[in-house]
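Modelling step: build the complete structure from the supplied sequences, incorporating the hints.
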Amino acid sequence: MGDTSALAAFERVFDTGGMSAAPSPLTASAEAVTEARALTQRLSRSLGIPTASSLLDQARPRPVLPALARLFARGGLPQGEAVQMSGRSALSLALACCALTTQDGGWCAGIGLGEPAVSAMQDLGVHLPRFVCLDTPAQDWMRVTSILIESFDVLLVAPGFSASAGERARIAAKLRDSRATLILLGRTHATALTSAARTSPSAARTAPALPAAAPFPGSSEHVTVLGESWEGTDEGSGRLRRRVLRVHSARTGEHTLVLPDPQGAAAPVAPAHSDVPAGTLRLVRDA
Amino acid sequence: MREQLSAQRGPQPGESAPQRVLVLVVPDWPALAAALEADALPTAPVAVLHANRVVSVNAPARALGVEPAMTTRAARGRCPDLLLAPRNPDAEARLFASATQALDDTVARFTVLGPGAVSIPAASLRHTHPDEAAAVEHLLAALTESTGWEFLPGIADTHFAALLAARTATRVAPGGTRAFLAAQPTRAFDAALLLDETLDPQALAELVSVLQRLGLRTLGAFAQLSPTDIGTRFGPLGLRLRDLARGVGQRGLRDHSRADDLVVEAPLEPPTPRTDVLAFRARAAAAQLFDEVRRRSLACTQVTIRLTAAGGQVSERTWRLEDMTDNRVADRARWQAEGWLTSRTAPRPAATSDENDEGIALLTLTAAELAAPLATQPSLLDRGSGAVAHSLERVQGLFGPDSVLVPGLQGGRDPQETNLWTPWQQAPRPDRDPEAPWPGAIPAPHPARILSTPVELLDAAGGSVVARSSGLDSRPATLRIPGAGTHRIVDHSSPWPVETGWWEPALRQRRVRLQVLAEDGAAFLLCREDGQWRLVGEYA
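Protein sequences, first through last, are from chains A and B. In terms of my numbering, the first sequence is residues 1311 to 1597. In terms of my numbering, the second sequence is residues 13 to 552.
These aren't lab readings, by the way, just hints derived from the structure by calculation. One should not assume that every hint holds.
Computed footprint of chain A on chain B; a stretch qualifies when at least three of its residues, placed anywhere within it, have a C-beta under 8 Å from a C-beta of chain A [said to hold, decoys possible]: (1) 428-438; (2) 450-460.
Here are a few chain A residues that face chain B, going by a calculated C-beta distance under 8 Å [stated by the list, open to error]: (3) Arg1398; (4) Leu1405; (5) Trp1417; (6) Gly1424; (7) Val1428; (8) Phe1441; (9) Val1442; (10) Cys1443; (11) Val1454; (12) Ser1456.
Computed from a predicted structure; not experimentally measured. Yeah, the Cβ is synthetic: ideal placement off N, Cα and C, and Gly gets one too.
Right, here's the structure in full:
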């Protein structure tokens, strides 16, 4: 009879009324009720999931271009979470990741990106009327982000400074609530160069290629560009044609992809080039 | 009288009542507008150019043998003292406004199809004129008297047919539209561009060329094909053109909204540099403007704010409005004044400026775009755009209007030239035509980030690399970026020289672009101008 009592307990999970009609509640079923209640409370209060369908929605990622889908554990940008991207080519990669969201009518904003080239954004597939770029002081990135998080779908942020643990937790809570995706671009060589160009040379010298910022609470995806190789210059007689990126994701392992291809878009590497599937052990050196 | 009878009989079952349309066209309007703009004599030959081809000529030039689609050189060869003008859509629209003003006084309803063409529903003339001929005569007399231009009338059952009829000043009898259209050549489809701005001119031109090569030389031949055949081969564009060729599928056009009197002027006495005072005045003026707009049962979607300083300087910006709220206009007036006053006073020393010269003396609000209230309702399916606008306006309120920028593209050769950033809720204003050809533009893939830093590009011996139109003098080996380190260059592209605008000092460009590839995989776009290398882009 253990089965039926457990079933009865589940039926009463959402029953807030008196339990007078319950037939001889066993101690075990009462325990199950409190456990299930604690779980629903935890889901709704601390994770912001009030209903079962929203639990499923949250698991559904934002679609990304097919060439980029393999980078993410669930095949797309996770909703309500932060994604960290670092490495030199992180800007192109991040812009390519929000292309499908803007094409589907979602809104994207870039904060602290410097001046991206609009022609490159269009080639990557970003629907320009759904993208805005914010030219706000670098030290105010936190304030701007928390304003825009409520209405935008994807935010691309190059943080002007690293946030304290409390501020990160607050942003993470807002993210969960609004189910936006925050793409944090790591401070690398490239952004140091921009700040040098925009402010003063001394600013760049004091911040030489900072290590990746402390992990964001609630962020599971961390994409790092390991290396890049350009093709097409041909010793001074050609021009840049395409770039092969070697990308490492904390969840899915190492991948190679072409970004940009000769048309400026993102493309998968031709099958002949594709390496071993992610997560496979590889012999590095003979003993 | 015949159409009155048919109107009384009512529509036949299975077909809609014919809507007679009168279209008035100014022949060769682009050329005429260019002549007016250049103050040329009426007998002077004028041609308008776009992308090195003649697009419009006036009658004296045509008499000398200049024709559309000629190259500039051929046109000059036919007529050495031809006045050549670049295409200027702004001037064409602006000059045509005097015709719309004259029509405002004469007819009840009309639509401006484009600069140089208006359509008037014949039903609106029926009450004031005995028949179509008298109505046309009266209208032409009124228009020619007030503008001095020649208008050609055309009457038919659809807008498309009336537009074609106007080219030859024809009145197509009621019911005869289909036969009239059937005799038209296939290239007459280009008139459809005036009626429907969603049509792609390029796709239309290609389709017309295909039809001509298929031997379909008239609209009638095209209309006889079965819709299945057209749909499977030419898609929705083909079906739309088939409807036009058969004289059906009339689409509603938006009526011209009268713009007179929708201007509110608010003088500030004494002139003040204080933006809070200005915002207060702007709120009252905006309320007055919106009252006027609402009384006409219209909605205002764009407002132009014009600030006039006591010294006579003017700042004018057009702002898009999500809804008609006076507070929003007050905010925008304040932002515009703050940005303008700070930039205006910066270059001029305070000592020389007169006491009276300071501050804004006059605020003018103009309803720049009016629409029917239904057209401005936000769509249910357009998710979240209200919340987005609200949060972006909050950021604009905190950091100024220029802190939120919407990306756009314009013409140009370098990535920083093609970037067009427009503050949120402002109408974009490109400096260069994106449709024009830009030979020498940097091809895709484009750099992801725009920079502008003077750098040094050195060869192996440590000397600066010199670039000429013919190529580089030496092989680059080192890129030194001030404040951000040194890169060893392993490879570079062939240089792109640009030499243009030598005929006008303001447009003159003489530069060489070069892509370099550093040892660690980084790629940069460099540009050499006036003997100095600059880092203009990073392939981030």
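Each hint, compared with the structure:
1. 428-438: holds (count 6)
2. 450-460: holds (count 6)
3. Arg1398: holds (6 Å)
4. Leu1405: holds (7 Å)
5. Trp1417: Nearest chain B Cβ about 5 Å off; hint holds.
6. Gly1424: Holds: closest Cβ of chain B sits about 6 Å from glycine 1424(A), inside 8 Å.
7. Val1428: holds (4 Å)
8. Phe1441: holds (6 Å)
9. Val1442: holds (6 Å)
10. Cys1443: holds (5 Å)
11. Val1454: holds (6 Å)
12. Ser1456: Hint violated; serine 1456(A) Cβ to chain B Cβ min 10 Å, cut 8 Å.
In the structure shown, a violation is registered for the earlier hint numbered 12 alone.
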